[in-house]
Every structure is written in structure tokens, then in C-alpha cells.
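Chains as they are written, first to last, in my numbering: chain F, 1 to 492; chain P, 1 to 96; chain C, 1 to 479.
Keep in mind that the hints were calculated from the coordinates and are not lab data.
Note that the coordinates shown come from a computational prediction; the quantities given were computed from them, not determined experimentally.
For each residue, glycine too, the CB sits at the ideal point set by N, CA and C.
Accuracy of the hints is not assured; some may be wrong.
According to the in silico footprint, chain C covers these stretches of chain P (three or more CB under 8 Å from chain C) [stated by the list, open to error]:
{"hint": "1", "region": "24-31"}
{"hint": "2", "region": "36-45"}
{"hint": "3", "region": "51-61"}
Simulated DEER-style distance windows between Cβ atoms [unchecked claim]:
{"hint": "4", "chain 1": "P", "residue 1": "49", "chain 2": "F", "residue 2": "48", "range": "57 to 63 Å"}
{"hint": "5", "chain 1": "C", "residue 1": "86", "chain 2": "P", "residue 2": "23", "range": "25 to 31 Å"}
{"hint": "6", "chain 1": "P", "residue 1": "61", "chain 2": "F", "residue 2": "86", "range": "33 to 39 Å"}
{"hint": "7", "chain 1": "P", "residue 1": "43", "chain 2": "C", "residue 2": "297", "range": "45 to 51 Å"}
{"hint": "8", "chain 1": "C", "residue 1": "86", "chain 2": "P", "residue 2": "59", "range": "27 to 33 Å"}
{"hint": "9", "chain 1": "P", "residue 1": "59", "chain 2": "C", "residue 2": "295", "range": "23 to 29 Å"}
{"hint": "10", "chain 1": "P", "residue 1": "23", "chain 2": "F", "residue 2": "38", "range": "31 to 37 Å"}
{"hint": "11", "chain 1": "C", "residue 1": "372", "chain 2": "P", "residue 2": "51", "range": "56 to 62 Å"}
Derived pair list, reagent style DMTMM-like, types lysine to aspartate or glutamate, alpha-carbon separation capped at 25 Å [to be verified]:
{"hint": "12", "chain 1": "P", "residue 1": "93", "chain 2": "F", "residue 2": "341"}
{"hint": "13", "chain 1": "F", "residue 1": "110", "chain 2": "P", "residue 2": "76"}
{"hint": "14", "chain 1": "P", "residue 1": "30", "chain 2": "F", "residue 2": "354"}
{"hint": "15", "chain 1": "P", "residue 1": "62", "chain 2": "F", "residue 2": "341"}
{"hint": "16", "chain 1": "C", "residue 1": "132", "chain 2": "P", "residue 2": "66"}
{"hint": "17", "chain 1": "F", "residue 1": "285", "chain 2": "F", "residue 2": "275"}
{"hint": "18", "chain 1": "P", "residue 1": "65", "chain 2": "C", "residue 2": "291"}
{"hint": "19", "chain 1": "P", "residue 1": "14", "chain 2": "F", "residue 2": "337"}
{"hint": "20", "chain 1": "C", "residue 1": "132", "chain 2": "C", "residue 2": "31"}
{"hint": "21", "chain 1": "C", "residue 1": "21", "chain 2": "P", "residue 2": "67"}
{"hint": "22", "chain 1": "P", "residue 1": "65", "chain 2": "C", "residue 2": "155"}
{"hint": "23", "chain 1": "P", "residue 1": "72", "chain 2": "C", "residue 2": "56"}
{"hint": "24", "chain 1": "P", "residue 1": "72", "chain 2": "F", "residue 2": "109"}
{"hint": "25", "chain 1": "P", "residue 1": "93", "chain 2": "C", "residue 2": "254"}
{"hint": "26", "chain 1": "P", "residue 1": "62", "chain 2": "F", "residue 2": "354"}
{"hint": "27", "chain 1": "F", "residue 1": "340", "chain 2": "C", "residue 2": "88"}
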Amino acid sequence: MELYELTVHELIDKLEKGETTSEEITKSYFDRIKEKDGQVKAYVSTMEEQAIAKAKQIDSDRKAGKKLSKFAGIPIGIKDNMCITGTCTTCSSKMLENFVAPYDAMVIEKLNAEDMIYLGKMNMDEFAMGSSTENSAFFPTHNPWDLSRVPGGSSGGSAAAVASDMAPWTLGSDTGGSIRQPASLCGVVGLKPTYGMVSRFGLVAFASSLDQIGPITKDVTDSALLLNLIAGHDERDTTSIETPKKDYTKSLINDVKGMKIGVPKEYLGEGTSAEVKEAMFKVIKKYQELGATVEECSLDIGQYASAVYYILACAEASSNLGRFDGIRYGYRTENCENLKDIYKNSRSEGFGAEVKRRIILGTYVLSSGYYDAYYKKAQKVRTIIKKAYNELFEKYDLLLTPVSPTTAFKMSEKLSDPLQMYLADICTVPVNIGGLPGMSIPCDVDSEGLPIGFQLIAKPFAEETIFRAAYTYEQNTNFREEHRPTFKGGEQ
Amino acid sequence: MANITREEIIHIAKLAMLNLSEQEIEHYTKDMQEILAYAEMINQIDTSDTDETIGATEQKNKFRKDEVMEFKTREDLLQNAPSQDEGMFQIPKVIN
Amino acid sequence: MPKEDYEIVIGLEVHCELSTKTKIFCSCSTEFGGEPNTHCCPICMAMPGTLPVLNEKVVEYAVKAGLATNCKIAQNSKNDRKNYFYPDLPKAYQISQYDMPLCYDGYVNIETEEGEKTIRLERIHIEEDAGKLNHDDYGRGTFVDLNRAGVPLIECVSKPDLRSKEEVDAYLRKLKSIFEYIEISDCKMQEGSLRADVNVSVRKKGATEFGTRTEMKNMNSFRSISRAIEYEANRQIEVLENGGEITQETLRWDDISGKTFSMRDKEDAQDYRYFPDPDLVAIRLSDEYIENIKNSLPELPESRKKRYLEEYKLIPKAANFVTSSKYYSDLFEEAIAICKNPKTASNLLMSEVARILNEREEEPDQIPFSGKELGELVELIDKGTISSSISKKVLEELFENPKSPSKIIEEKGWIQISDEGAIKEVVSKILEANPQSVADFKAGKDRALGFLVGQAMKETKGKANPQMLNQLFLEELKK
Numbered sequence: 001m002e003l004y005e006l007t008v009h010e011l012i013d014k015l016e017k018g019e020t021t022s023e024e025i026t027k028s029y030f031d032r033i034k035e036k037d038g039q040v041k042a043y044v045s046t047m048e049e050q051a052i053a054k055a056k057q058i059d060s061d062r063k064a065g066k067k068l069s070k071f072a073g074i075p076i077g078i079k080d081n082m083c084i085t086g087t088c089t090t091c092s093s094k095m096l097e098n099f100v101a102p103y104d105a106m107v108i109e110k111l112n113a114e115d116m117i118y119l120g121k122m123n124m125d126e127f128a129m130g131s132s133t134e135n136s137a138f139f140p141t142h143n144p145w146d147l148s149r150v151p152g153g154s155s156g157g158s159a160a161a162v163a164s165d166m167a168p169w170t171l172g173s174d175t176g177g178s179i180r181q182p183a184s185l186c187g188v189v190g191l192k193p194t195y196g197m198v199s200r201f202g203l204v205a206f207a208s209s210l211d212q213i214g215p216i217t218k219d220v221t222d223s224a225l226l227l228n229l230i231a232g233h234d235e236r237d238t239t240s241i242e243t244p245k246k247d248y249t250k251s252l253i254n255d256v257k258g259m260k261i262g263v264p265k266e267y268l269g270e271g272t273s274a275e276v277k278e279a280m281f282k283v284i285k286k287y288q289e290l291g292a293t294v295e296e297c298s299l300d301i302g303q304y305a306s307a308v309y310y311i312l313a314c315a316e317a318s319s320n321l322g323r324f325d326g327i328r329y330g331y332r333t334e335n336c337e338n339l340k341d342i343y344k345n346s347r348s349e350g351f352g353a354e355v356k357r358r359i360i361l362g363t364y365v366l367s368s369g370y371y372d373a374y375y376k377k378a379q380k381v382r383t384i385i386k387k388a389y390n391e392l393f394e395k396y397d398l399l400l401t402p403v404s405p406t407t408a409f410k411m412s413e414k415l416s417d418p419l420q421m422y423l424a425d426i427c428t429v430p431v432n433i434g435g436l437p438g439m440s441i442p443c444d445v446d447s448e449g450l451p452i453g454f455q456l457i458a459k460p461f462a463e464e465t466i467f468r469a470a471y472t473y474e475q476n477t478n479f480r481e482e483h484r485p486t487f488k489g490g491e492q
Numbered sequence: 001m002a003n004i005t006r007e008e009i010i011h012i013a014k015l016a017m018l019n020l021s022e023q024e025i026e027h028y029t030k031d032m033q034e035i036l037a038y039a040e041m042i043n044q045i046d047t048s049d050t051d052e053t054i055g056a057t058e059q060k061n062k063f064r065k066d067e068v069m070e071f072k073t074r075e076d077l078l079q080n081a082p083s084q085d086e087g088m089f090q091i092p093k094v095i096n
Numbered sequence: 001m002p003k004e005d006y007e008i009v010i011g012l013e014v015h016c017e018l019s020t021k022t023k024i025f026c027s028c029s030t031e032f033g034g035e036p037n038t039h040c041c042p043i044c045m046a047m048p049g050t051l052p053v054l055n056e057k058v059v060e061y062a063v064k065a066g067l068a069t070n071c072k073i074a075q076n077s078k079n080d081r082k083n084y085f086y087p088d089l090p091k092a093y094q095i096s097q098y099d100m101p102l103c104y105d106g107y108v109n110i111e112t113e114e115g116e117k118t119i120r121l122e123r124i125h126i127e128e129d130a131g132k133l134n135h136d137d138y139g140r141g142t143f144v145d146l147n148r149a150g151v152p153l154i155e156c157v158s159k160p161d162l163r164s165k166e167e168v169d170a171y172l173r174k175l176k177s178i179f180e181y182i183e184i185s186d187c188k189m190q191e192g193s194l195r196a197d198v199n200v201s202v203r204k205k206g207a208t209e210f211g212t213r214t215e216m217k218n219m220n221s222f223r224s225i226s227r228a229i230e231y232e233a234n235r236q237i238e239v240l241e242n243g244g245e246i247t248q249e250t251l252r253w254d255d256i257s258g259k260t261f262s263m264r265d266k267e268d269a270q271d272y273r274y275f276p277d278p279d280l281v282a283i284r285l286s287d288e289y290i291e292n293i294k295n296s297l298p299e300l301p302e303s304r305k306k307r308y309l310e311e312y313k314l315i316p317k318a319a320n321f322v323t324s325s326k327y328y329s330d331l332f333e334e335a336i337a338i339c340k341n342p343k344t345a346s347n348l349l350m351s352e353v354a355r356i357l358n359e360r361e362e363e364p365d366q367i368p369f370s371g372k373e374l375g376e377l378v379e380l381i382d383k384g385t386i387s388s389s390i391s392k393k394v395l396e397e398l399f400e401n402p403k404s405p406s407k408i409i410e411e412k413g414w415i416q417i418s419d420e421g422a423i424k425e426v427v428s429k430i431l432e433a434n435p436q437s438v439a440d441f442k443a444g445k446d447r448a449l450g451f452l453v454g455q456a457m458k459e460t461k462g463k464a465n466p467q468m469l470n471q472l473f474l475e476e477l478k479k
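Pulled out of the complex, with its shape left as it was, chain F reads as follows (with noise of 0.2 Å):
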């Protein structure tokens, strides 16, 4: 086996006992790279020659005998809308072609102090925006289960990196399904933290309220381990939460017995497809089987997240993204003579198609004489989501729902139809606007060999609810085993 086929605590495993070396693990990804990602296009940029001399520090040390961190010299792929100082943090935007981060985002801080290495940064929906990463200003991603398809979003790049083995694991970003979403398109493990668990301090901003770090692993150990490493209060974000710290791979249990888990039957209606339905009741049995609780529920509410979601999200946008105008950073336009000039053709000229249709959907729901209408109104609604939230929790320890309606989609297939591009994220949005916990767990294929994925949702801080369950179904199933990406679908 290829050491880039191992997951994270394998890999630390073998570093411990000194089978490997941070250099031989970090050249054997970017070997990958090198093979895979013509076809995957998963990573914005590489930092080949930094990985590999800090690889080669870490290894020295190492031998020293210094003391250092067990993730010590372990690769990781960021995002693209994550600071990194010194690099380009690009959002996968024209706007931010050549942005160097002047400062480390809260995430970067942590992961530094554990001397781990940066592989690259990952491909994305421009600005996070997107459920395909076909908005990508650079290039679209291929998933590499059949690279006629997309691999979801917007965290594309970090998905389909971890799928092919190009990154142990990545940091992806949720805002309404960001991270679970392409989790579920390319058979990998991805959480989004409850709001509040990690800072948002170096998180380029699409949505304040809803936006969320949160790690993409090869399994649920990873997840763990990954989000011990990032959660925590940080004073420079105020919506980060003070909860004591806590180690998730102690939730690594496999056992669910008594456990109780809602199905709420709305995201198994007409909207989800035949294959992803069964596949979820496959699940359904296995929960049963290994003693936990499976009872129907109803979140009849949850078919309004999507409106609610859209219009929060995109006015938050508006707001968030006037920044970018071409006077302290970013494209300004060669085309100006004036002030005016600078604003609309830097903007204009800077911003994608589907940022534009966000920028202008956000500023209208903002503006006079629409703002009770919308804004107010969709708040409110978030208010009685979140209530509904609240009642089911108090009756369930997790939610169990699928994290897309449908396996991965052909590439270009819903680019002309913004709605039926938003609805993708039917079953993962809800979620943030509750604030709460939810991870993507890949279950199964579908008879295409594509990956699906089942959804545990917990209430906001129960992310070891979802992890123990979540460990208990990887512990007693092979998707691992049974299944890898192909790279099919290549030449059309």
C-alpha cells in the first residue's frame, strides 16, 4: 500500500514507529499530485518546495530527539479562502488572483503551532459559492469517480483531493452544505462543526452567520483528530463559542446501542433520488441492527431552509464582499478614469457570474422598501427553524437525512439553472441555519459507481453524538474497502 493511501492516524502510526519519514510521506503526495490532479485540477496551488524542506526540518528534529507535536510533519490541504501569510489566499476568484495574506487565519495559527505542512490550497466556488466548484475563476474540479461529474461545493478542491489520495486531509468551509456536500459526491468523511466551534478569524467571509470551518478526512478517526486540532474559543471572533476543550477521539466508541435517531421523512420524499433513498434505508437497518432507535420524525419547516438560507446568505454576501474594490488589494481594472470606474469595472471585470447573481440578489433583499419582506421575514423563519430544531432534539440524540438528493451530477448540467443549482443543497442547509453539527458519512454507490452519502445531525455542541455514531456505522461497514474513485469518464 502507497503511504498517500493511508489516513491520517495510519500515517502517524508509521511515524511513531519510524517506518516513514515527514519527507517520504510529503513527496509520496506530491508524486500524486503530480499524477492525478491533470485530471482531478483539485489543488489552485501547490507549496511543493516549502512542504518539503519543512518535511525535512521536522525529520531532522525529529531524530534530535526535540520534542514535537504527533501531527508533526503530517501534509494538509487548505482551502482557497483561508489566510495562509505569504501566500495567495485567491477565494478562486479573478478578485483575488494574486492576494498575499498578509496575517495567518485562527485555523493556520493552530495547525502551525502542530508544525504541520501545507500541501497547497484547494480549488473552490468562487468566494465559496456554488455546489459544483464549476465557479471556480481558474478551472472547474473533476471528481475523481468519474471525471465527467462534478465533485460538489464549493469545497471541490478539498473533497476530491482527499478522494484521490492527493491530501491525507483538507479544511474545507460550510456554509450551506460546503463541506458535506462534496463529501457525499466524492465518498469522503465531512463535518461541519456547530457554528461557533471554530473561528471564522482568516475565513474569507461569504456568510458571517452561517459560514464554518470544518475538516474532510478518509474516515471518522481523521475527523476527530483533525477537529480537536482546530476547535476552540478564539477572542478575535465573537461568535466563537467558550466550551471547554474536549478530545472528540474519545467519542470513538463503537456502539450505539440505545441510541435514538429521527428520520425526518421530508428528506426522503419525491425531491430524492430512488438510489440515495435506499441507500439510506440500508443505513436505517444497519442503525437498527447494531440497537439504536430509528424512528420516522418530521421537520416540516426544513422545506423553507433554502429560501431562508438564500436570502440570509446572499444579503450577508452584499455586504461582505463590497471590500473588494480595487483600492487596498485585489484586480483593479486597467480601465478607469475615475472613482466610479475603479468600483464598478474592478468589480465588474473581478467577479463571476454567480457572485454577481448573489451580490445583486443580496442587496436587493436589503434594500428599501424590501427589507421586512425578505431579510426580516427570513430571520424570523430562522427562528421558528431553529424551534423545530430544538423540539427534535429533545426527542432525538442525531437526525439521520441524506446530504444530497442525487450522487454526483455531469459537469455543466445545472450552470444555466441557478435554482436547480441552489436546491442541491436541500438537505444540508438547514443545518446551518440552525447552527447545528452535521457530518457526511459515504454508505454506498450507485449502480454508476457513484459515491452517496448519509447525513448525522446533532444539536449545536454534540459533535461526539455524531462521531460515535458515525464510528460505530465505519467500524461495522467496508465503504472504504469496497469502494474507490475510478478516474473514469477522463476522455470524452
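Please build the complex by placing chains P and C on the supplied structure of chain F, with the hints as guidance.
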């Protein structure tokens, strides 16, 4: 209400500092009509007794101490400037 | 219809920079001056991914301002974004407060020649200042300096209760004085740390509806505010008298030409799209928090005035004057701790210091010396070391070159002559030179003594001790 007009799109684009081509105006008008028609489903819900959510968390009073901490260097802050002079960002003359 | 038939209605939005050490949402210094963009960081430069964190002192200072102006303090408050594009506003939104300001429903009392009046405050809210645009004369463009971006402000919005430029002047001076007393701002108008947006409308006396108002933004001197109000009110009256209509618009006051100009074309009507800032959390102030701040407020002008009347027996005019500015009042208290002579100290402030400031077109906060110097000066007068006419010269010198008054009079040779021998000499000399006056006096014209003393003073350049002069003249004349 979903019947957003071309003129409204032009007005909104102006507020958002975007130049739209004729074709873009046409597309976005159509997109907005569709998306807003969908979004209007929220009007079916009675929210008369509901407060709007403000902020994503129930947190309150997250304040910072009034202590100075200067950023390392101005060069790092200006390195991305498309145009600069004498430590300032340069733009075409702004007329009052 | 004559001008006198119109009533001027004025409302003020006063912006006051808070004297916190750091900016409102980041840890950069608020120090005035400094090389461009050196009091900046990724946060106040609105780098992608940065987040604001509210400075606790800003909330405290705003609550202080609210309590000192009789406002109610909101227990629930929040920050909102006001969205618009301008190069001095790096985020393209200003973090301000929209519908839930920290303080509301207050008032201050002002005094003008017409008597006392209450001016109601609608609200006080917190917000961030913008950066500075520097224009260069060589046509190379505009240069953006963000040192001021993110400096904390409070905005105090008055009700349209003001009716004349005199009332506006008194109101502004009152606010300024209150904010100085509670030490939340240095209120330096010349540095822009206190400035006002002035809303002016006119209506016929007796009318119940307000007229259409115009707004003049960012006014930062008492003088220009008075001039602008006068000009703008007259302009509006003239327009109405000629059958025209007032357009609601933002105007720019030009101090040089003494006129107002229209600023924006109407096509660019703003829509600020206010909404709660999702990066910041709710502000919930407990009764205990508010009570603690209330208890920590320093003595306010009204109370000081009362004390000056009762303890120091100042006349009302003097007590009013001294408490009109914290700088006067602090100077006064420091001085009388040294000289124990409230009357002379207050007189010097009211007559001489105020006159010099007026000549220099300066404000009390620009007085370059402390109460220690003033106290020493009063002591020198009391001890007879200098005369009161010399004390005026010493004060002028203190403004130019502040140092110990005794040093000044020593260096300048202004010490009063109290040596009996020396004064006798002068007296003899003057008597000899003015036989007519001597004769007049002896003939019963007492006024002749005054003339002789005056001549002696002239001879000694004002340095002779006046009491001694008097006495010695009398002695000699009666011989």
C-alpha cells in the same frame, strides 16, 4: 412582488457598484424573478409572534480590552495595493 | 414677508471621537497624526477574512455620555452595518447602530441671553470613523490614509429643538463641556474630534409643520457653524420669499466664500441597506453595569457650579463662566488649591484669560499652562510682588512661553517696587515736576492725587506698589 423589473435590476446593480451588460441585465432579471418567486414561499409562514434571529449565536457582550497592539509593518499591509505612493493607496482624483 | 416672520429650526448630529487608547474594533492606536497607514492592521484595512471585536471602553464611554445627558440606557443593543461605497470606508460598510442605539431620550439644558432652555436628545449611538483622503495638487490623484478608520465615535442626535445660531452655539458648548467633564473625549474641534452635521429648515412663525431641511455635514468650528446657519437660513427664506421650494439635500459649507453648495446629484440617492452585523454579538447591559458607571461619573458642571457659589462664594456670573469648560474649571480648582483666593483666580480667568483666548481665536483646551501657574500668579498679586496690571502682562507671557510666573517677572524685571526709599525718591521727583497738581490738591481737589500716582506709575513702568505710592504721596502732600 417577485415581479422584479429590469429597472430595479439596474438600480440594484448601481447600489452594488456593478456594471451590467444588456445581456446580463436580461439574465439577472429573469434569474431574480425565478429565485424570488421561490423565496416567497416563506410568506406562507405565520411569523406574527416570532422575533427575528439576530446573529447566529445567543452570545452577548463579547468585548475586547482597550490595549494597544500594533501590527508588524506597513509594507505587509500595502503589499497588495494595485497602486500606492508615500505609504498611501492611490486612486484617481476624488472630486468633492 | 420680512425675515423676522420666519422661525429657524435646527437639529444637530454631533460626532465626537472617544479618547480610547485603541480603535473601536481592533487594537490599533487612536493616536492623532503619525505616518499614513501606520496605525493600521488587517482588520481596520478590511483585509479579507478579518473580524471586528468591540472595544469595551467604547461601550463604557457611550454609556457615560448617555448618563451625563440624561439619556435612558438601552439594555438590549446591537451593531448594524451601514452599506455604501467610498474610498475612506474600507469595508464598504460602516459599523454603526440603526434601530437599537445604546442611549436614547435624553436632554441637556442650555443658557442663552433669552434664558434657560431644554434641548432634547433623540439618541446617542456608537460607530466607527472613516479614513482620510488626501488630495494632491499635481493632479496625480487621491491618496487614502486609514489611520483614522475605525477610531470610535459617538453620534448624538438632537431633536429639532434649536431655534437660533446662539442656541446652537450654547448647545454645542454644553455638549463639549459635558464630554470634557466626563473625560470621554478631548473634543478638539480643530483636530476634528468634535464635529457636527447641521440640519436647518425655516418656517413661518406659528406654523406647526416643519419646513424642508438641508444638511451641512462635518462642520468643525463654532464660528463656521454660526455663519453657516445664518447664511443657510437666509438663503432658504429668500428662496421661499421668491416663491421657490427648498430641496432636501446635503450641502457643503465653504468657509472662504461663506456660502453653501449642493454636494451630491439627486440621482445618487443613498440606500444604506442597514442590517445587524452578523460578525458581532448582542450588547446586553445589566442594571448593575449601568449603576456602576453612574457611580463612577465625575462631578458634572451643574454640581460644580453649586459648590463654587456656596463654598467659594463666587458671584453667579463667575461660577457660570468657570464651569462652562472643564479646562477652566480644572485650572481654577488647581489654582485655588495653591493661592486660596477664588475671587481673584476666577476674575483672571473671566476677564484676562478669556480675552486672550478670544484674541488668539482659541478654545480653553488650548490654554498652554496649568492651574499651578495661575495659582502662583494670584499669590504674587496677593503678596504685592506684582500689581494687577503686571499680572495681565504675565498672563500674556504665559500663553507665549509657559513657565513659572515668578521666573517670568524676574526675567522681565517686572517685580513690584516696594522699597520705601526707592518709592520716596520717585514721589519727590513727581511732586517737584508737578507743582500745579500739588497746589490743586492743597486747594481741596482730591483728584490731583490720582494724577500724581498715575505719573509715578508711568515713571516706574507700573512696577511701584500702588498702596505705598498712595500713602507716601499723602504723607508728603500733608507736610
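Consistency of the hints with the structure:
1. With 0 residues having a Cβ less than 8 Å from any Cβ of chain C, the region 24-31 of chain P misses the three-residue criterion, and the hint is violated.
2. With 0 residues having a beta carbon nearer than 8 Å to a beta carbon of chain C, the region 36-45 of chain P misses the requirement of three or more and the stated coverage is violated.
3. By the rule of at least three residues with a Cβ nearer than 8 Å to a Cβ of chain C, the coverage given for the region 51-61 of chain P holds, with 7 such residues.
4. In this structure the hint that residue 49(P) and residue 48(F) lie 57 to 63 Å apart at CB holds, the actual value being about 59 Å.
5. At about 30 Å, the beta-carbon gap between residue 86(C) and residue 23(P) stays in the expected band of 25 to 31 Å.
6. About 35 Å separates the C-beta atoms of residue 61(P) and residue 86(F), a value consistent with the hinted range of 33 to 39 Å.
7. As the Cβ distance of residue 43(P) to residue 297(C) is approximately 49 Å, the hint placing it in 45 to 51 Å holds.
8. Here the CB-CB span from residue 86(C) to residue 59(P) is close to 31 Å, well matched to the stated 27 to 33 Å.
9. In this structure the hint that residue 59(P) and residue 295(C) lie 23 to 29 Å apart at CB holds, the actual value being about 28 Å.
10. Checked against the hint of 31 to 37 Å, the C-beta distance between residue 23(P) and residue 38(F) comes to roughly 34 Å, which is consistent with it.
11. Take residue 372(C) and residue 51(P): their Cβ atoms lie about 58 Å apart, and the range 56 to 62 Å holds.
12. For the given pair, residue 93(P) sits about 12 Å from residue 341(F) by alpha-carbon distance, which is consistent with the 25 Å threshold.
13. This hinted pair checks out: residue 110(F) and residue 76(P) have alpha carbons roughly 21 Å apart, not beyond 25 Å.
14. About 14 Å separates the Cα atoms of residue 30(P) and residue 354(F), which keeps this hinted pair within 25 Å; it holds.
15. The straight-line distance between the Cα atoms of residue 62(P) and residue 341(F) is roughly 39 Å, outside the 25 Å bound, and the hint therefore fails.
16. Pair hint residue 132(C) plus residue 66(P) holds up; C-alpha atoms about 23 Å apart against a cutoff of 25 Å.
17. For the suggested pair residue 285(F) and residue 275(F), the alpha carbons sit about 15 Å apart, so the restraint of at most 25 Å is met.
18. Between residue 65(P) and residue 291(C), the direct Cα distance comes to roughly 20 Å. Compliance with the 25 Å bound is thereby established for this hinted pair.
19. Pair hint residue 14(P) plus residue 337(F) holds up; C-alpha atoms about 18 Å apart against a cutoff of 25 Å.
20. Restraint check for residue 132(C) and residue 31(C): the C-alpha separation of about 14 Å stays at or below 25 Å, so the hint holds.
21. Taken as a hint, the residue 21(C) and residue 67(P) pair is honoured in the structure, with Cα atoms around 7 Å apart against an allowance of 25 Å.
22. At roughly 22 Å between alpha-carbon atoms, residue 65(P) and residue 155(C) fall within 25 Å of each other, so this suggested pair holds.
23. About 24 Å separates the Cα atoms of residue 72(P) and residue 56(C), which keeps this hinted pair within 25 Å; it holds.
24. Taking the CA atoms of residue 72(P) and residue 109(F), the gap is near 16 Å; set against the 25 Å cutoff, the hint holds.
25. For a cut-off of 25 Å, the pair hint linking residue 93(P) to residue 254(C) stands: about 20 Å separates their Cα positions.
26. Taken as a hint, the residue 62(P) and residue 354(F) pair is broken in the structure, with Cα atoms around 34 Å apart against an allowance of 25 Å.
27. For the given pair, residue 340(F) sits about 14 Å from residue 88(C) by alpha-carbon distance, which is consistent with the 25 Å threshold.
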